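Student: Single-letter residue listing:
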Amino acid sequence: MTAVLRAEGLGKRYRRRWALSDCTVDIPAGQVVGLVGPNGAGKTTLLHLAVGLLQPTAGTIEVLGDRPAASPAQLARVGFVAQDTPTYSGLSVADHLRLGAHLNPGWDARTATDRIERLGLDLRQRAGKLSGGQRAQLALTLALAKKPVLLILDEPVASLDPLARREFLQSLLEAVVDQGLSVVLSSHLVADLERACDYLIVLIGSRVQIAGEVDHLLDTHHLLTGPRRDPARIPEDLQVISASHTDRQTTLTVRTEGPIHDPAWTVSKIGLEDLVLAYMSRTADAARRPALEVQR
Amino acid sequence: MIWLTWRQFRAQTVVAAGALALLAVALAVTGSQLVHLYDTTVATCQAHHDCQIAIGAFESEDTFLQDLIPVVMLVAPALIGIFWGAPLIAHELETGTQRLAWTQSVSRLRWLAVKLSLAGLVSMATAGLLSLMVTWWSSPFDRLGMNRLDPTIFSERGIVPVGYAAFAFALGVTAGMLIRRTVPAMAGTLAVFAAVVAGFALRVRFHLIPPLHLTAPLNMSWVTQTGSFGRPGHSALLVGISPNLPGAWVNSAQVTTAAGRTSLGPALPACGPNFTYSACTAAIARLHLRQVIVYQPGSRFWALQWYETAIYLALALALAGFCVWWVRRRVS
Chain L
45 MTAVLRAEGL GKRYRRRWAL SDCTVDIPAG QVVGLVGPNG AGKTTLLHLA VGLLQPTAGT
105 IEVLGDRPAA SPAQLARVGF VAQDTPTYSG LSVADHLRLG AHLNPGWDAR TATDRIERLG
165 LDLRQRAGKL SGGQRAQLAL TLALAKKPVL LILDEPVASL DPLARREFLQ SLLEAVVDQG
225 LSVVLSSHLV ADLERACDYL IVLIGSRVQI AGEVDHLLDT HHLLTGPRRD PARIPEDLQV
285 ISASHTDRQT TLTVRTEGPI HDPAWTVSKI GLEDLVLAYM SRTADAARRP ALEVQR
Chain D
59 MIWLTWRQFR AQTVVAAGAL ALLAVALAVT GSQLVHLYDT TVATCQAHHD CQIAIGAFES
119 EDTFLQDLIP VVMLVAPALI GIFWGAPLIA HELETGTQRL AWTQSVSRLR WLAVKLSLAG
179 LVSMATAGLL SLMVTWWSSP FDRLGMNRLD PTIFSERGIV PVGYAAFAFA LGVTAGMLIR
239 RTVPAMAGTL AVFAAVVAGF ALRVRFHLIP PLHLTAPLNM SWVTQTGSFG RPGHSALLVG
299 ISPNLPGAWV NSAQVTTAAG RTSLGPALPA CGPNFTYSAC TAAIARLHLR QVIVYQPGSR
359 FWALQWYETA IYLALALALA GFCVWWVRRR VS
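If you read the sequences in order, they're chains L and D. The first sequence begins at 45 in this note's numbering and counts up by one. The second sequence begins at 59 in this note's numbering and counts up by one.
Isolated chain D, as found in the complex (with noise of 0.2 Å):
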């Protein structure tokens, strides 16, 4: 059955390996320049006190590949679910090679294990690897500040998209098993694939670990808004804040009044057209106003990924499961 199973699944083997191994090479290649430039420009620019100039020159290396990684990241998974998952058993089915498959001396149990597991090992290896080489090339990036936690950069990097991959694997192959036909089960799986990825990433991640809450005198280094809103005469003060926590992901910044209200009052005459920003900030100081931020700290990230690659794992033993059950039951 192994055989058969690798026999089955060479050529997409190949094809990924291949993949692989091209952007391997070039990220190899301008991944170590890029180490290179880190360590001699950004790492020193204190020293030159060149910092912006650094950073800007650092950041515009290579942009191709900046643009490219994230499609890749973002598509990979969908693309083993859609072309690995997804014909794994609906291709038997629409042409009826379960027949001939199945009246082999090796039952149907065997046969499903034998395929799941080899083609979502390759599947989960792929993504894994990708994984390591992206996040080995963008680190000297991530380190820039740029913010690990955030949702576009938290998927494509370290343990996350292995999940993905088991997760939209396996989603396939159940798709492909209850629909019976290749080309609609493709499109069954992406769609869910797209719904499932992009709810969890909006609703769950942050509250994989209760966030941190910080509630605090108002930090006026933060305040990045001010003003008032509503009808003239009866407008009330906004002010608008954006917490500097480095590679914390913040859900909520609210400002509130000492009392813990969230309707600031009347608005300021000290923060009108006619005023200075100084005057304004300065009255708003005066009010004595809190802030309460709902953050998860950058230092989670890992905790982080370990939750949601296992949220994922868990889902697609789930659905292999599943599918376990329903072709020594239902499928024929």
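So that you can see chain L by itself, here it is in the shape it has in the complex (with noise of 0.2 Å):
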């Protein structure tokens, strides 16, 4: 597997405060690939080192084998929808297109034209009076049209109401199915990123948690319930993500190749969603923990 975007040890630092730190990532091609993670997890910070917005402090980021905007044909072969899809607001939806056209070597006019078409966009329109679904689904056409190799979208949905959400991701999906490109979307919503990605990224505190094909994270974890024990008896092959006690029971989110063959197990299918707040509830813990040991 090819990786369409590879950062090692990337950071950047804003004066005092690191926005992403220690990040090392592998993104591979031909997936669309979903990039959850919390607030302030550094998504933003990456995928805008990743299209050359922003340039790293510490580390390395190659994005389809070269430095991110490293040079006009590097910037043609990746498409970026920012986050809130900016759009300028005095121009019109012609304007933009024309302005794809004008800044964009491998411009495809057809797709854009039929695009906004289908999506029953008038022309003549400000870009400033249309609808948030409207004007991400503008953005995405100057993306697409820009016939990129790897589309990167930061939070695209975040600001759509529900029924833009889905019809978004739907033409964002197709598109990716017509014209066979690598993407990237981040989310903080893993409910969006489960209808649309075929590969998960879990991204918190800047540093991947974990990292692989949807199908195969859903396969790989477990929910168990049983009576209650001790943590520390837990049997060694059993790696736990996060585990919850009562006083009788004991829930824990499991990673495992292998079956589990303890009777004493009740074993259920994970949710994706489940799956990410597992990771993000041990990054709490973790970052607790030393707190705790001074309190003893």
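These are calculated hints, taken from the structure and not from any lab test. Computed from a predicted structure; not experimentally measured. Quick reminder that beta carbons are idealized off the backbone N, C-alpha and C, glycines included. Some clues are possibly wrong.
[Stated by the list, open to error] Here are the in silico distance ranges between beta carbons for each label pair:
| hint | chain 1 | residue 1 | chain 2 | residue 2 | range |
| --- | --- | --- | --- | --- | --- |
| 1 | D | ARG68 | L | GLN169 | 14 to 24 Å |
| 2 | L | PRO82 | D | TRP61 | 20 to 30 Å |
| 3 | D | GLY379 | L | SER133 | 46 to 56 Å |
| 4 | D | ARG386 | L | SER133 | 22 to 32 Å |
| 5 | D | ARG386 | L | ARG57 | 53 to 63 Å |
| 6 | L | LEU217 | D | ARG68 | 45 to 55 Å |
Using the hints, build the complex out of the two chains.
Tutor: Below you can see the structure in the form of structure tokens.
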């Protein structure tokens, strides 16, 4: 599997604050990759570094085998839809298409006009007068019509209502099938990604917690429920991601390649959302642990 | 990129062109009448011996435009900096559209270079046309002995307005890029521009070319003020002159003793309250005082214009270079 995006020890500092630190990630080609993590995990910073809007403070990042925004040719191979899908509010839809045609040598006018027509957007309408969903679609059209190899979207549906959200993701997936491109899509909402992605990266505290194909992740993670037992007595071959205990019951989220034989456990399938939440709560615990030791 | 810049800057260009056209019509109509009037009255007044009346009548022509033009010339470069320069980048950073622009297949350097040069050229052309019209329209008044090196007139004629416009524009762009918000950038642009232009006119311009020094025996016909200052009984002589050097910009006109000292000695009784003006001047003449005048002659008008324009253009270029560096390194 070749990587469309490869980062090593990547870090970005604003004055004193590190928005992203020591991030190492490999994003494979030919997939719709979901980048999920809580707010402030460094998703936007990572994606901005990937499209060359930011320069790294530390480490390296390579996109499609080259430094981001190294040349116009490199820029042409990466499509980007920024958070809140910015467009020029004073320019009409037609102006935006003309902008795309003038600024991108590989511009596909057919794709662009077909999409706009299918979406029912009025060419003379100013972008500032479009609804959030329409604006997101316009931004996506611009990114798709430049015929990129890799399409990067930063929380494209965060500000959309559920219907617009579904329509946007659907039209994105159709385009992906048509053009056969790689996609990296960030969100803090797992439900959005569940529908669209076949590869998932969980980024928390600028570190990759887990990365893999969605099906594989779901196959190797399980939710175990059983009578309460001491966390120290859980078998070694189970990698516990999160655990919660009541007086009589223990619930574990575990990762394992093999089957679970212990009859004391009730094994159930885990949803993607629970899986991600398990990783998020684990890092939250890890962050709390030193403080607890001090109290002791 | 040229198309996008033009599309974003179209409205401003149209407004500027409209305003220029309006002013051009007003100036063309009144200006040609002024030239005719000048040729028929002021130019021939020597023959009719009515110069004072002719000049007075001429100077009261088109007073509205005469009052309006200095205001227009004063504010035009500042407006260019505020409304064209400051929003150029700040507005993109404020609305986040730079994330759209910089991820098309055009390098950031090219994006900025095209924006800067296109909008900068429109700014300079606007100021240049404005100055051309105003300089032509005002030329009859300027010929009437109005001093072209006078700070208010000098900065409203010739080519310096082009330099001001370029500088104000580049300053606005820089402020917008550093402050990243349009309205504060506008305020910052105005403050810095006003300070620089005022400081330059008051402190720097006179020294662009080493000034001439006229050291000569006191010319009694230039003396405009005589008297004394200090306590009664210990008062010192005071002689003020106002040199009559047509077209010259006089920075200082001092009266000294023959030995070169600036204190002229005790007050003269002949210049006291009970004596006539002629007795006073006669007494002063006997002191063999000298005058030291530091000035720029009127013939240096164009040399000073070129120097000042070049300096402002260089400042504008330096700011533009800084913008390029900053946009590639720091901004995102």
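Student: Compare the structure with each hint and give your call.
Tutor: A quick look at each hint next to the structure:
no., hint, verdict
1, D/ARG68 - L/GLN169: 14 to 24 Å, "holds, 18 Å"
2, L/PRO82 - D/TRP61: 20 to 30 Å, "violated, 41 Å"
3, D/GLY379 - L/SER133: 46 to 56 Å, "violated, 31 Å"
4, D/ARG386 - L/SER133: 22 to 32 Å, "holds, 26 Å"
5, D/ARG386 - L/ARG57: 53 to 63 Å, "violated, 19 Å"
6, L/LEU217 - D/ARG68: 45 to 55 Å, "violated, 38 Å"
Going down the numbered hints, you'll see the structure goes against 2, 3, 5 and 6, while the others check out.
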